[in-house]
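Below, each chain spelled out in residue letters.
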Amino acid sequence: MQHDDVIWDVIGNRAFCSFKVKTKVQNFCRNEYNITGLCNRSSCPLANSQYATIREEKGQCFLYMKVIERAAFPARMWEKVKLSKNYEKALEQIDQNLIYWPRFIRHKCKQRFTKITQYLIRIRKLTLKRQRKLVPLSRKVEAREKRKEEKALIAAQLDNAIEKELLERLKQGTYGDIYNFPIHAFDKALEHQDEESETDSEEEEEEDDEDVGKKEFVAEDEIEESDLSDFEDMDNLKAGSDEHEESSEEDESEEEMEEEPEASGSKGKMPLKGAVFRKKRAYVEIEYEQEMEPVPKSKAT
Amino acid sequence: MDVVEEHDIQDKHTKKKTKKPKKQPKPPHENGNDSMIEKTEPEHVDAPAEFSFPPTFSVSEIKNKQRRHLMFMKLKQEKRKAPPKEVPKTIENQRVYDETTVNPEDEEVAFDEGTDEFSAYFNRLTNPKVLITTSDRPRGRTVRFCNQLATVIPDAHVYYRRGLALKKVIPQCIARGFTYLMVINEDRKVPNGMVLCHLPDGPTAHFKVSSVRLRKEMKRRGKDPTEHSPEVILNNFTTRLGHSMGRLFAALFPHDPQFVGRQVATFHNQRDFIFFRFHRYIFKNEKRVGIQELGPRFTLKLRSLQKGTFDSKFGEYEWVLKRHENDVCRRRFNL
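In order, the protein sequence lines correspond to chains A and B.
Just so we're aligned: the first sequence equals residues 0 to 300 in numbering that gives the first Met the number 0.
Just so we're aligned: the second sequence equals residues 0 to 334 in numbering that gives the first Met the number 0.
Keep in mind that the hints are not guaranteed to be accurate.
[Unchecked claim] Once the Cα atoms are required to be at most 30 Å apart in a straight line, the calculated BS3-like pairs of lysine-lysine come out as:
hint, chain 1, residue 1, chain 2, residue 2
1, B, Lys283, A, Lys163
2, A, Lys145, B, Lys188
3, A, Lys128, B, Lys166
4, B, Lys286, A, Lys150
[As the list claims (entries may be wrong)] For each label pair, taking beta carbons as the anchor points, the in silico distance ranges come out as:
hint, chain 1, residue 1, chain 2, residue 2, range
5, A, Gln117, B, Pro170, 31 to 41 Å
6, B, Lys84, A, Gly172, 29 to 39 Å
7, B, Lys84, A, Asp158, 19 to 29 Å
8, A, Lys214, B, Phe56, 37 to 47 Å
9, B, Ala174, A, Glu141, 53 to 63 Å
10, A, Gly172, B, His156, 30 to 40 Å
11, B, His156, A, Phe61, 49 to 59 Å
12, A, Glu144, B, Asp105, 25 to 35 Å
Bear in mind the hints are in silico, worked out from the structure with no lab data behind them.
Backbone N, C-alpha and C fix where the C-beta goes; we use that ideal spot for every residue, glycine too.
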């Protein structure tokens, strides 16, 4: 026997109903066949033996009806009626099927049906618009990327790179004549000169290497290394002897001379001096020495 | 000098032979060979003489005092010499060689670049005109970012996206003469993605945007950028893919930068992250330049490059970021 009141008394008021969801203000019913979704005496599908609902499956609306005659056959309890896609016709169908049913259920069925058709229309409209695709982020991966980015930023040394690039562009002259840095142009010219003089000196070195080992007959007046120690007045003769030393030992000194101008920073007069000096190397130097009477060591007594 | 040295070497060898004939049967043989070699090369005496000694030979075993002293001094000198400074290993040093790295004289690359979608820009046929927009319902930060980007890129226009589909927007843009479409995607009130589409059917690049700093968050920043066209610096775009990226960025800006404005936009690639900075520079003298950061900064990471205009379903992807490829070796990069 179906005692609706007893059932309601038990599940609605006193004991537990597994479909009931309690909130602070209201109670909801999670039963799929519930017509309004609230937990009420008149909306509870368990506590009403004559009940009807509208349910929607894949865009199709159906009218479900339950009568007390089939209460004993749970498998056949709910009668399913497919409703037409046309809104007015469907409403008429509901009316026809639920004729002589309580007003409440008829009204609520139509309301529910209206709501369902409305949201179906909305779904169809939305699918035509752009779909937003949600891409899941993996927390570990994101953290890893962030760390890599920080390290890459440190490795990039952006400020230095930008400054270097700008200076490069200035040197290459992409800015034209906007910036007047005359010293810069002068330096460039000097560097060019340095390169020329260095190539000259290298050629001379090769020539000199070939000369090593060859015998030369020199004039009597020329001072040789071994005689240097014999002279007392080194000051007067040193200027002359230095040049001689250098002309005879060209291998070693040339290297020193080359390094000196480069080390001094290639600014000012030094490289010019070197260039001038080297150009004279190709020529034979003839030094005329005027002997001065050596001061006698011991005073004549 | 040379003759004397030759004798010395022969002395050394003979001494060795007399000293240790039994222990080292090999060295006399070696010495014989070496002395033969050394006779033919009298000039370069010192270097091979050292290497010809067997490994167990030490300086103290030379009987000739002068020779021994000489060798000892040489040894001391070498020890005193500071060891050469070791070059530290960095990820950039150890980078796995990418076979698509562009060689500057490569003809094929030059030909490709002469005929690709950017050739119109690089041949000065078109001027860049950029349309900047966002995804739906942008929040304040994204809007401000778009506005600042518009000040950085000359001839850029910001439009509000009213829920329009990109595929419908693109033909309209082409009709109005835009060359670039830039869409900033937003997630949780922060810009996190960028789609950069070169318009007359050019490639579409999709980037992940991170570390966005707006102008007022910059420390020690300068005044707002002026209307002058900035210069462009593109660093470290080495591979083919990097090259096409570089051209993509270069084509955003007008051909002739106005040096009067002294502004420079930099796209610096480091380990597949592209850092964007916008500076104003000033040359203090010919060796020093001062830079002051204006403008927004952000980093990009390329996620995919598509051949035609934006089409996520049927597009032909030239390159897609696959994470597990780069997870295998952390010294492998694509750009």
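Structure-based check of all given hints:
no.: 1; hint: Lys283/B with Lys163/A; verdict: holds, 14 Å
no.: 2; hint: Lys145/A with Lys188/B; verdict: holds, 19 Å
no.: 3; hint: Lys128/A with Lys166/B; verdict: holds, 12 Å
no.: 4; hint: Lys286/B with Lys150/A; verdict: holds, 29 Å
no.: 5; hint: Gln117/A with Pro170/B: 31 to 41 Å; verdict: holds, 34 Å
no.: 6; hint: Lys84/B with Gly172/A: 29 to 39 Å; verdict: holds, 34 Å
no.: 7; hint: Lys84/B with Asp158/A: 19 to 29 Å; verdict: holds, 24 Å
no.: 8; hint: Lys214/A with Phe56/B: 37 to 47 Å; verdict: holds, 41 Å
no.: 9; hint: Ala174/B with Glu141/A: 53 to 63 Å; verdict: violated, 39 Å
no.: 10; hint: Gly172/A with His156/B: 30 to 40 Å; verdict: holds, 35 Å
no.: 11; hint: His156/B with Phe61/A: 49 to 59 Å; verdict: holds, 53 Å
no.: 12; hint: Glu144/A with Asp105/B: 25 to 35 Å; verdict: holds, 32 Å
Of the hints listed earlier, the one the structure fails to meet is number 9.
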